[in-house]
Amino acid sequence: MKKISLTLIGLYLLFLHGFSQVTDQYSNIFKAKKLKLTEVNLVSSYYNQDGNHSAVTGGIGTEKLTDLANMLELKLVGYGETGLKHTILAGIGLDHHTAASQKYISKTGASSPDGTRVYPSVNWTVENEDKGTEFGVGTYLSNEYNYKSFSLDAHVGYKNKTGGEFGLKTSAYWDQVVLIYPSELIPTASTDVTPYNIDVIKTSASKSSGGTTSSGGYTFHNESSIPTSPRNTYTSSFTYSQVLNKSAQMAILLDLVKQDGWLGLPFHRVFFTDGTEKIENLPHSRFKIPLGFRFNYFSGDNLIVRSYYRYYTDDWGLTSHTASLELPYKITPFFSISPFYRYYTQTATKYFAPYMKHAPTDTYFTSNYTAAAFNSSFFGTGFRIAPPNGIGDTYLSTLEIRVGHYTQTTDLNSNVISFHFTWK
Amino acid sequence: MKTLKQKMYLFFTSILSLFFVTSCETVREYQKNRLNDSEMALSTRRAEKNELNFMSYKEGASGANGGKTGGGCGCN
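Which chain is which? The protein sequence lines are B and G, in order. Counting in this note's numbering, the first sequence runs from 77 upward without gaps. Counting in this note's numbering, the second sequence runs from 40 upward without gaps.
Hints are computed from structural coordinates only; laboratory data are not their basis. Model, not experiment: these values are computed from the prediction. Ideal Cβ positions, reconstructed from N, Cα and C, are used throughout, including at glycine. Any given hint could turn out to be false.
[What the hints assert, rightly or not] Coverage of chain G stretches by chain B, computed from C-beta distances (three or more under 8 angstroms per stretch; other residues unrestricted):
1. 66–79
2. 93–104
[What the hints assert, rightly or not] Some chain B residues well away from chain G (every beta-carbon gap over 10 angstroms; in silico):
3. Lys179
4. Asn204
5. Asp206
6. Ile467
Input sequences plus hints: build the corresponding full structure.
Below, the structure written as structure tokens:
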């Protein structure tokens, strides 16, 4: 691991050194161009699911959920005095979900079933188009009622003259898990005991005002009065893409991911063979290695083959394979239809067992079906319109719609529809 | 049963072998009209963003797709 880290640091220093060699010759040729808004992207999705293995209720119970997600991103491009290209991507996302199982964080079903997540991000990239090198940094923030996340990342890239492109990105996420326990498992020390001894955890960010309040015999624990626990994630992502010929190109993607801290969620219940109940308990460290491969091929004049395969393994014993195929067909040069299919299979982690199957002597335990063995299929169609003068002669240059249906062998089913608008 | 160290070795060997077996031809800029088609991009589509998000909630594996590989929203 030390050798890998040293190699990464070495590569970083090499790229940084490359950027320090900005020659004066370009300063005479290029004229600085101020940052200008060149592109606006809006992605909106609606998702709904149904299943019967919620982790909140110990691996049984409803998984009904809806989610409305929106992401707006602005792209600004400019050139500095030395001819370096500067690109800034600034985005903000807003999701709102309703989850039936979330009500049962409180045993009485009194918890709020909805929540909102807000996640702004900014990325800045400097590119030397003559040398084919780039360097960038970014930051990301996410806030929802039970989870806060802050991240920083840096990336470098290099394009060679034979159609090869190398990229390296390192990211660090410093997250905080809000310790919202199932109401019957709240540690006594942090419980406000009312005459009725009933606790209700508020789970909607919009209702937070701090502290606890009592009403009608219930004690309401507001968000800011609940303690948190850290979860840290460190990721190094390597990508290498290569043009193979006039119609084909491929990419290899490798991530090394190290996590530590609270890696479960405190409101996930586990029921044991003797009828007792605890919150899920997972190791405080995880190392993951996903390795992906993409291959795209333009066949004839109208058909494109987009393929992807990923192998994944981690030290919790989970191994998975993912394969997907998408076949965009150009009905006209500016309108395409893209049927797709994705197959996924995974083995269970060492720590998973279904409802009431864990032994009370187990050290680590979860009944979250994300950690179970299953297969899944995802299929659907995409549509893309991108006329050269914009849609209806407006700044709206591209509209993309994707509709998909997802099934898991755990009986989970879901549907998703996404819209992507690009203005230029 | 392979250990994690053996699996890592297998990964890196696979990557290296891919570099060796790949045969490429030089493609000039004016020959790249097909490669530059937006459908040929070697990345996930923006419209796939939320699909990847729900999959990272409902599946144990994530990453190696050019997107987020941890942190945020309580998933993976």
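Could you let me know if the closest chain G CB is still more than 10 angstroms away from the CB of B/Lys179?
17 angstroms, holds
Cut-off 8 angstroms, C-beta pairs, minimum 3 residues; does the coverage of the stretch 66–79 of chain G by chain B stand?
holds (count 9)
Tell me whether the statement that chain B covers the stretch 93–104 of chain G is true, taking a Cβ distance below 8 angstroms and needing three residues at minimum.
holds (count 11)
Report holds if the minimum CB distance from B/Asp206 to chain G is greater than 10 angstroms, and violated otherwise.
Answer for B/Asp206: holds, closest chain G Cβ roughly 14 angstroms.
Decide, holds or violated, for the assertion that all CB atoms of chain G are farther than 10 angstroms from the CB of B/Ile467.
Non-interface label on B/Ile467 holds, nearest chain G Cβ at 15 angstroms vs cutoff 10 angstroms.
Exclusion check [B/Asn204 not at the chain G interface, CB over 10 angstroms]
It holds; B/Asn204 is separated from chain G by about 18 angstroms at its closest Cβ, greater than 10 angstroms.
Of the numbered hints given earlier, the model fails none.
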